[in-house]
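Full structure from sequences and hints, please.
Those sequence lines, one after another, are chains A and B. Note that the first sequence covers residues 1 to 487 in my numbering. Note that the second sequence covers residues 1 to 487 in my numbering.
Calculated from the structure, these hints are not laboratory results. As the structure is a computational prediction, the values presented were derived from the model and not from experiment. Cβ atoms here follow ideal geometry from the backbone N, Cα and C, with glycine treated the same way. Treat the hints with care, since some could be wrong.
Taking beta-carbon pairs under 7 Å as the criterion, some of the chain A residues facing chain B (in silico) [to be verified]:
#1 S38
#2 E123
#3 D126
#4 R236
#5 N291
Quick list of simulated restraints, FRET-style, between CB atoms [what the hints assert, rightly or not]:
#6 A:A398 / B:C107: 48 to 56 Å
#7 B:E30 / A:G88: 47 to 55 Å
#8 A:G390 / B:E108: 53 to 61 Å
Number of protein chains: 2
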Amino acid sequence: MTERNNAFLRKAEELEPMLHTREIAVSGGERVLKKGDSLCLDFGEHLVGTVTLRLSSRGSHPDAPLWLRLKFAERMSELKENVEDYHGWISASWVQQEQIHVDELPCELRLPRRYAFRYVQLEVLDISTKYDLIVGGAVCEAVSSADDAALPPYESADAELREIDRVACRTLHDCMQEVFEDGPKRDRRLWIGDLRLQALANYETYRQNDLVKRCLYLFAGSTLPGGRVGAGMFIRPEIEADDTAMFDYSLFFIPTLWDYYEATDDVETLRELWPSAWRQIELAREGFDENGLVRDSDVLGWCFLDWNLELNKQAGAQGVYLYCLKTAGKIAAALNDGEKASLIEEEYAKKKQAALDSLYDPALGLFVSGEKRQLSWASQIWMVLGGTAGGDVLDRIAARDDAVGMVTPYLHHHYVQALIDVGQREKALEVLRSYWGGMVKLGADTFWELFNPANPDESPYGGTIVNSYCHAWSCAPAYFLRKFFSK
Amino acid sequence: MTERNNAFLRKAEELEPMLHTREIAVSGGERVLKKGDSLCLDFGEHLVGTVTLRLSSRGSHPDAPLWLRLKFAERMSELKENVEDYHGWISASWVQQEQIHVDELPCELRLPRRYAFRYVQLEVLDISTKYDLIVGGAVCEAVSSADDAALPPYESADAELREIDRVACRTLHDCMQEVFEDGPKRDRRLWIGDLRLQALANYETYRQNDLVKRCLYLFAGSTLPGGRVGAGMFIRPEIEADDTAMFDYSLFFIPTLWDYYEATDDVETLRELWPSAWRQIELAREGFDENGLVRDSDVLGWCFLDWNLELNKQAGAQGVYLYCLKTAGKIAAALNDGEKASLIEEEYAKKKQAALDSLYDPALGLFVSGEKRQLSWASQIWMVLGGTAGGDVLDRIAARDDAVGMVTPYLHHHYVQALIDVGQREKALEVLRSYWGGMVKLGADTFWELFNPANPDESPYGGTIVNSYCHAWSCAPAYFLRKFFSK
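Here it is, written out as C-alpha cells:
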C-alpha cells in the first residue's frame, strides 16, 4: 500500500540517534506488603525508560509466586483509574498497567517494556500467607536522544517563565527518542503535526537538527499512494507510513522542511526534498472547488486542527493551505525556482480571495466555516497564519461566547503564533502564562496532550486514563519564550 | 531457622539432573482475532515447559499495543474459571493466567515462565480497531529430567491397564524436573510424601535412581531445628527446608531411604543417611504418651494422611509410626546395627499393643481415632500397613457408610498397598481400574491431585482452579501394575 524511496530511508537510518541513558533510583523504604497492600514509588520527575524493581521477602521461604499489579503513571490521578473501567474508542492497551508473576524472591525484576511515568504503583494481587513482600526500591534507566549538556540556559528574570520553559524543555526532552515522538506514553510515534512544533522548539533548545532531518527523510521515504505524506510514521518492526492521512498534516511537510532549512542552511536537503513537499500541494489541490475554496467534509479526521469533535474544519483548512502555499513560495524562491514561485503567487491570490469571498462574514467581521457558518477560534487563527486576516479577528472572537473553543495546546500554539504575527506580543505572553502556566500550577512535570482549563477531565478518547501527559505538541513555550521573550 | 549439612548439600548438587527438552508445535490456524475474541490451542498432551507464541497482524500497521490474556490449563475446565473469582485460602498466584502487552508485531513472543498445561487460551483484551491479531501458532519447549528412552514397556494384554500405566508414567515424567516435584503446576517443589511414591514408581519405570538419591540428600542436608526432616524442600534461589513439618511426612524419610537401598543396593548412602532417618524416630517419639499411644492434636496439618479436613489423624499416625519403625528395623538389620534392631523390636511391640488396647474397637472389629472415636478408611489402611491389622478391617470398613472416606489418590495408593499386603490382589486391581481408570474415563492426560468420584469438583483449597492435575502422588499405578500385575 505504501510507496518507498529507499535512498531516502537509508539517509534516515544513517541519522538514527544515540540514546542517552541516566539511572534514577528510588527507595521503597523496605515497605512490607501483604495481599491487597499497595505502595506508590515517586521518582520525583517525569521519566521515559525501563524499570527494575528490587524485591525480597520476609517470613517463611516464599512458597507460592507473588502476583503483582503495576501501574505506571505520568500523573497521580492515573493511579486512581482502572483500565477495566475504560470503554473509550482507542485501545485500552495504551494504559500502562501490568500484571506480573514473580516465581523467585529475592530478585531484581527488570520489566521488558519502556514506560513514561513519574509514579510506579505496586499492588499485591496475591501472595502466600507464609511470607510478605518487601519492596527495597526501584531503578529507572531513563532514555532520550536529547543531550542535556547541549541545552542552553533560558535567560529570563521572570521565575514563572523560567519554570514554564523548564517544563516545556522536559516535555521535548522526553519525547526525543529514536524519532520525535508525539508522546512517550501514547502514541509513541512520529506524527508530522507534532514534529513541526518539536522542531521549532528544538532549534531554540537541544539543536539536534539531524533528528529533524531524519524525520523529514522518514516521511518522504515512505508515503501513501501518489506520494502523499502520511500523518504519522512507524519505525518498528519496519519503517512504514501510517495509512492515516489528513489534509493539514500532509501539507505540514512543507513548513517543517522550510523551518529546517532556515535553522540549518542545509540547502542540499531542501533541494532533495522539495519535490516531496511540492507533491503535497498538488495533492491538496484536489480538495478545492473551481472557485478555489476547500471542499468541506463530513469524514471524521479529514483535517485535524484541534481535538474538538464539534469543530468544522473548512475555514481552518483553507488557512492551513494558504499558510503552506506561502511557505512553498519561500522554498521556490530560495531554490531559484522562479516558475513555481510565480505559479504559487497566482494561486495564493486566488485562494485568498476565495476565502474572503466565501468564508468572511463582513457583518460579524469574522471568518465562518462550513454550511452552518460555524464560528470558531481555529478558523480565525488559521486565517491569520494564512495571511488573510489581521489581529482584529482574534480580538473579535475573544469577545464572543458562542464560538467553538480550543481544546489542545496544539491549537493554542497556533494562537500564540498568530498573536505574535499580528504584533500582539503582550497578549501572546499572557496566553503562555495563563494556559501553559495553568498546567504548571496544577503540578505538571511535563505539558499535557490536552488541557481545557474549564474542564480538566476532558478527553477526546472517552476517558482520561489514555490521555498522554507528556506530549510533544505542548512544548511550544520553549520555542516562544526563547525566541521572543528572552532578555 | 534451618540447619545445614553442607557435605550432604554438595552431594545433592552434584546429582542435579540434566533436563531433556522436546519441541512441540501447534498451529493457530492463522486465526484472526479482534477485541474480545479468544482462541484455544490444544497441544494434545500434558506438557511442562516454556511457550513461544507466533503472532502477526492483518490490516493497517499496528498502531497500539496488543493486550492479551493467556490461560494455561491442564484440563479444559480450568479455562472456564477466572482467577478473579477464586477466594480460597491458598494463593491465587498459582493460577496460570497472564496479561501481556505486545508492543511489536509480528513477533515470536517467548513467555519467561514455565507452565504445566495441555491447553493455551489466548484472549484479546484490547487491540486497535485498525488491525487484527493473527495467531500463527505456538511452540512448547517441554522439559523433564525423565529420559523417555529409558522407559521399559509395560507388558500387559489388557488395554485398559496399559492406558492407566501410560497416564501414570506421563504423570511421573512431567513431575520429574530438577527434583521430583509434587506437581509442575502447583506447588512445583519437592515434598517427601510425594517423593516416596514417585521413587517407587521410578524404580519400575525410568529408573533414575540418582534423582531419588539427590532428593534424600536434600532432605537430610537442610533440616528444621533438631534435625527434623521438613515436609518439603525449596531449591531456588537457595536450598532450604520448608518450615512446615508433619508427623507422618518427617517419618517417611525412613521408608524412602529403605526403598532406595532395596532398589539400588547403595549401602554407602544407606549408612550415611541412617542417622538422619533414625533422628526422625527420636523426634516422633516425643509425640507419644507413656502408654505408647500417639497424642491426638487439633493443630491443622499436624499429620497429613489425606486431604480430608474432617479426618481425625490419631490412629493413622500410630499406623504410620509403626510402619516406619518396622522399616527402621530393616535398615538397622541391613547395617548390622543389632543394638538398634532390638530396641526397635521392643518399641514396636509396645506401640502395637497400645494401638490394639486403645484404638481397636472389638465390637466393631475396626480401629477408631480420636476422642470421638471416629471411623475412617485412613485408620484401617495405616493399621494394616503398620502390621497391626489384617484384611478383615478393610472388608468391614467397606461395608460401612458412616466412615470418613478417601479424597486423594495419595490415600488410595496406601489402600491398594494395604490390599496387596493382605493378599487381596484382585481387589487391589479393581481399585486401580475403578479409581485411576475413572480419571482416564474423564479424559485425564495425567493423574490428578484430587479425585473424589462422588464429587469431581471437590477441592480442599476453596476452588478447583488451583488444583493440580498432574500430581506426583497419583502415579501409583505405574508402580503397582508393573510390579504386581505384569505378564
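Now for the hints, and whether the structure bears them out:
Contact between A:S38 and chain B, as hinted, is not supported at the beta carbon level, the nearest pair being about 16 Å apart and thus beyond 7 Å. Hint status for A:E123 relative to chain B: violated, with the closest Cβ pair at about 13 Å, above 7 Å. Here the hint on A:D126 is kept, as its CB sits about 4 Å from the closest CB of chain B, short of 7 Å. Satisfaction of the interface hint for A:R236 is found here, the shortest Cβ-Cβ separation to chain B being roughly 5 Å, below the 7 Å cut-off.
Because the smallest distance between the Cβ of A:N291 and any Cβ of chain B comes to about 35 Å, over 7 Å, the interface hint for this residue is violated. For A:A398 paired with B:C107, a C-beta distance near 51 Å keeps the hint of 48 to 56 Å intact. In this structure, B:E30 and A:G88 break the distance hint of 47 to 55 Å, their C-beta atoms being roughly 30 Å apart. Under the hint 53 to 61 Å, the C-beta atoms of A:G390 and B:E108, about 60 Å apart, fit the expected range.
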